[in-house]
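Respectively, the protein sequence lines represent chains A and E. For my numbering, add 31 to where a residue sits in the first sequence, where the first one is 1. For my numbering, add 31 to where a residue sits in the second sequence, where the first one is 1.
Hints are supplied without guarantee of correctness; some may be wrong.
Listed below are the simulated EDC-like cross-link pairs for lysine to aspartate or glutamate, each with C-alpha atoms no more than 20 Å apart in a straight line [unchecked claim]:
| hint | chain 1 | residue 1 | chain 2 | residue 2 |
| --- | --- | --- | --- | --- |
| 1 | E | Lys-291 | A | Glu-79 |
| 2 | A | Lys-295 | E | Glu-66 |
| 3 | A | Lys-177 | A | Glu-416 |
| 4 | E | Lys-291 | A | Glu-252 |
| 5 | E | Lys-80 | A | Asp-293 |
| 6 | E | Lys-217 | A | Asp-301 |
| 7 | E | Lys-76 | A | Asp-293 |
| 8 | A | Lys-217 | E | Asp-301 |
| 9 | E | Lys-204 | E | Glu-222 |
| 10 | E | Lys-83 | A | Asp-293 |
| 11 | A | Lys-291 | E | Asp-293 |
| 12 | A | Lys-295 | E | Asp-293 |
| 13 | A | Lys-83 | E | Asp-293 |
| 14 | A | Lys-449 | A | Asp-398 |
| 15 | A | Lys-295 | E | Glu-79 |
| 16 | E | Lys-295 | A | Glu-416 |
| 17 | A | Lys-83 | A | Glu-66 |
| 18 | A | Lys-80 | E | Glu-428 |
| 19 | E | Lys-295 | A | Asp-301 |
| 20 | E | Lys-394 | E | Glu-324 |
Have a look at the derived ranges for each label pair, beta carbon to beta carbon [unchecked claim]:
| hint | chain 1 | residue 1 | chain 2 | residue 2 | range |
| --- | --- | --- | --- | --- | --- |
| 21 | A | Gln-128 | E | Lys-217 | 43 to 49 Å |
| 22 | E | Arg-202 | A | Lys-394 | 41 to 47 Å |
| 23 | E | Ser-45 | A | Arg-202 | 44 to 50 Å |
| 24 | E | Asp-293 | A | Glu-384 | 22 to 28 Å |
| 25 | A | Arg-144 | E | Asp-130 | 35 to 41 Å |
| 26 | E | Glu-61 | A | His-429 | 38 to 44 Å |
| 27 | A | Gly-253 | E | Pro-223 | 36 to 42 Å |
| 28 | E | Lys-295 | A | Asp-55 | 47 to 53 Å |
Simulated from the structure, these hints should not be mistaken for laboratory data. Since the structure is predicted, the reported quantities are computational estimates derived from the model, not experimental observations. Glycine residues also receive a C-beta, built at the ideal position from the N, C-alpha and C atoms.
Protein chains: 2
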Amino acid sequence: MRNPPTLLSLTIDSALINFSTISDLSFVPEHILLELFVRTLKAGKLNEKILKLFVATGKEEILSVIESLNIQHILVPVLPTRKLFHDEVDIVIGALQPDLTSFMEQWRPFFSRFHLIIVQDPDLKGELKIPEGFNLNLYTKSDIDKVVGSSSNAISFSGYSCRYFGYLMSRNKYIISIDDDCIPAKNSNGEPIDAISQHIINLTTPATPFFFNTLYDPFCEGADFVRGYPFSLRSGVECGLSCGLWLNLADYDAPTQSLKPDLKNSRYVDAVLTVPARTMLPVSGINISFNNELVGPALLPAFRLAKEGKVRWETVEDIWTGMCVKVVCDHLRLGVKSGLPYVWRQERGNAVESLKKEWEGVKLMEDVVPFFQSVRLSESAVTAEDCVVEIASSVKEHLGPLNPTFAHAAETMVEWIKLWKRLRAN
Amino acid sequence: MRNPPTLLSLTIDSALINFSTISDLSFVPEHILLELFVRTLKAGKLNEKILKLFVATGKEEILSVIESLNIQHILVPVLPTRKLFHDEVDIVIGALQPDLTSFMEQWRPFFSRFHLIIVQDPDLKGELKIPEGFNLNLYTKSDIDKVVGSSSNAISFSGYSCRYFGYLMSRNKYIISIDDDCIPAKNSNGEPIDAISQHIINLTTPATPFFFNTLYDPFCEGADFVRGYPFSLRSGVECGLSCGLWLNLADYDAPTQSLKPDLKNSRYVDAVLTVPARTMLPVSGINISFNNELVGPALLPAFRLAKEGKVRWETVEDIWTGMCVKVVCDHLRLGVKSGLPYVWRQERGNAVESLKKEWEGVKLMEDVVPFFQSVRLSESAVTAEDCVVEIASSVKEHLGPLNPTFAHAAETMVEWIKLWKRLRAN
């Protein structure tokens, strides 16, 4: 049982909700003011106006906290990710290439203040080259064998799936994951874009899956809910998954990439939106983040093509996992966002060569999508773990007879949840 | 019964589908080439590469057609709306102000090649001031009285609703409608944006309501379907409604506008997307277009607040009609798009003053939205007219008892369909 809230805590709750009506904080005792400030930060409610109110109190302790957090008057939402979230985030990188130097150096300005988990593709021999100066855990084949051991024959962490081992090992609230052939995209001034901060903003501001806002994310600076948007839906829900996008090489399948070898994505769409409830989307694992506490167990390496490869268009494991997460989010009333941030994808692989293998994935989608569009979970599924087990059982029943890949996926999903729970029970 | 297709027609169909494999057209006889060119245009398939193939034939007739249509090598999709669609479009303007000179002059470059229908708000006395040089029909109170006469007491065309009289009178396939307090937005080079052409592109390219494409409109130049998008859904469906957006003054409700008087929309989001099936959105009548043949009867002036006003935030008639259209599109498997084009909205009205009236609209949305989210139509509803009558009956049953505004809306919808049919039967 939780302790009942204190009067102070209730007062601060109420102040947080009614901040727009408060024009003076100078009468508030300093220790309460400090707590209010911390709670304001945590609630993501610190904006220019509220910051001014705190500064205007002139209270020394407040001013020194503001200074120590390096909070400054700027035009973008004042989310001091530098200090506030750094111990709640793991950046998970699956290493499919032996030398990560160039990749890591280009991301250094944005990665260096967070903890990294790097998982080496177990098929990749030799020692990874990783530059100095990062706070990281590296996992290799021997770590995977030690942890998973002989407990499962179904789960494979090879290729892009190695990242899922990182998800399994993380105990942080938020996970951000970017493919190792992506570097920061640049804004119109040629400055690299901080994809990490944008993912954190996406995950820590509400999502709005139950009604579409035509001006996109209403929680973005300078935006709001459009006329006609029901007030009862304006508080939104928690965000489970944030799907970023790609400039330069987009995430097309092998047939599209082969037919249009010159097709590059150069359109920068300055928006984040919540994908509506009950709408499926092709989640790409290239550039994503998620709330590990809410949906972590649903990001799993279950769907493996017979001829899965080491280039993106030879995999659909992330498409499958994305639909699992979407179904889980819809069921648990959480949101999935898509849009910003962009990363810059560099060329890897030969699409025409891949065509020989990748048609299988393309064909299977014709069964996968209708399945996930129609699957419904029971009321007794109240956690992501419950949901995954129910989805697995439905996969086995409805898709299993069509293709052994599906039957294998169902089995792996069940194994994954067992493994997930076992590691967290210790 | 339709005539069977000719061999020539079938050959051209096949060529259109397989254009990507054709590298030479010089062997094709000139009359066939000409037909192929026209069909390519109509199918919206003319692009840089295909244009080059036609030019490379050197055939005089082809070259002169290309010249006469003023088709040039450019980067945006080559849709010669100037010639091809001009007789299929009506631009409908509801005049709420007596002097349209400034409005019309700013739109002249884009309006002048189309037919206009201007409907004067029947509450607006005196003669409208409209500049010379436009091809237009003007309708005033006396026209409305003549057409509608005493056949309906329910339908009112006053205020913003006057535009619906224009919809009623139009016999063209596409209708585009823009509020008279909006002028062309400008691109980053300071050039006015052609909202008309963008609406035509939106209406004449397919929509994709059954699966979300993370790179937005896959039919836009430089885009395609993302990996994982089922091939069986890639042909899309016809677009029923295109909802454009607004820069400067956004379409907020009176409470939001009052609380944030300085909040202007300055974020230009370079995207069009299909709003997924079964997802409701707040359609704003400020800047829209629709396929009159497919969904025309569903755009109706049914929902009138007791204290409806002459500024946008004092109306919800368009929100209601938008949800009707969305339900009709979902039922008939048509698409609704949102995004580009933007228009520049100028200030009109005082939001704080409006608050006294507009809360009613805000409150009613709490019942309106759940209703439209859950209403389902029968299989026997196969036209927009059928759908509207079914929705009206459901409104009467489920919403009618809650508020007289709903009962009145249901009655008006039935009246509207009668009027619509009567005018088309003559």
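Each hint, compared with the structure:
A hinted pair counts as satisfied when its Cα atoms are at most 20 Å apart, and E/Lys-291 with A/Glu-79 qualifies at roughly 14 Å. For the proposed pair A/Lys-295 and E/Glu-66, the alpha carbon gap of about 32 Å is over 20 Å, so the pair is violated. Proposed proximity of A/Lys-177 and A/Glu-416 is contradicted: the alpha carbons are some 23 Å apart, above 20 Å. Restraint check for E/Lys-291 and A/Glu-252: the C-alpha separation of about 12 Å stays at or below 20 Å, so the hint holds.
Pair hint E/Lys-80 plus A/Asp-293 holds up; C-alpha atoms about 13 Å apart against a cutoff of 20 Å. Using a Cα cut-off of 20 Å, the hinted pair E/Lys-217 and A/Asp-301 holds, with the two alpha carbons roughly 17 Å apart. Straight-line distance between C-alpha atoms of E/Lys-76 and A/Asp-293 comes to about 18 Å, which keeps the hinted pair within the 20 Å bound. For the proposed pair A/Lys-217 and E/Asp-301, the alpha carbon gap of about 17 Å is at most 20 Å, so the pair holds.
Restraint check for E/Lys-204 and E/Glu-222: not satisfied, since their Cα atoms lie roughly 29 Å apart, outside the 20 Å limit. Between E/Lys-83 and A/Asp-293, the direct Cα distance comes to roughly 17 Å. Compliance with the 20 Å bound is thereby established for this hinted pair. A C-alpha spacing of about 46 Å is found between A/Lys-291 and E/Asp-293, which places the hinted pair above 20 Å, so the restraint is violated. Between A/Lys-295 and E/Asp-293 the alpha-carbon distance is near 38 Å, which puts this suggested pair outside the 20 Å criterion.
A distance of roughly 18 Å separates the Cα atoms of A/Lys-83 and E/Asp-293; the hinted pair therefore holds under the 20 Å criterion. Taking the CA atoms of A/Lys-449 and A/Asp-398, the gap is near 27 Å; set against the 20 Å cutoff, the hint is violated. Of the pairs offered as hints, the one joining A/Lys-295 and E/Glu-79 holds, with about 16 Å between alpha carbons and a cut-off of 20 Å not exceeded. Restraint check for E/Lys-295 and A/Glu-416: the C-alpha separation of about 43 Å exceeds 20 Å, so the hint is violated.
For the hint pairing A/Lys-83 with A/Glu-66, the CA-to-CA distance comes to about 17 Å; that is within 20 Å, so the pair holds. A threshold of 20 Å between alpha carbons decides the hint, and for A/Lys-80 with E/Glu-428 the separation of about 47 Å lies outside it, so the pair is violated. With a C-alpha separation of about 16 Å, the suggested pair E/Lys-295 and A/Asp-301 falls inside the 20 Å cut-off, and the hint holds. At most 20 Å may separate the alpha-carbon atoms for a hinted pair to count; E/Lys-394 and E/Glu-324 exceed this at roughly 33 Å.
Under the hint 43 to 49 Å, the C-beta atoms of A/Gln-128 and E/Lys-217, about 45 Å apart, fit the expected range. A hinted range of 41 to 47 Å holds for the C-beta pair E/Arg-202 and A/Lys-394, which are about 46 Å apart. In this structure the supplied range 44 to 50 Å is violated for E/Ser-45 paired with A/Arg-202, their Cβ-Cβ distance being about 59 Å. Between E/Asp-293 and A/Glu-384 the C-beta distance comes to about 56 Å, which lies outside the given range of 22 to 28 Å.
The hinted window of 35 to 41 Å between A/Arg-144 and E/Asp-130 is violated, with their beta carbons roughly 59 Å apart. Under the hint 38 to 44 Å, the C-beta atoms of E/Glu-61 and A/His-429, about 56 Å apart, miss the expected range. Our hint of 36 to 42 Å for A/Gly-253 and E/Pro-223 is violated, since their Cβ atoms are close to 23 Å apart. E/Lys-295 and A/Asp-55 have their C-beta atoms about 28 Å apart, which leaves the hinted 47 to 53 Å range violated.
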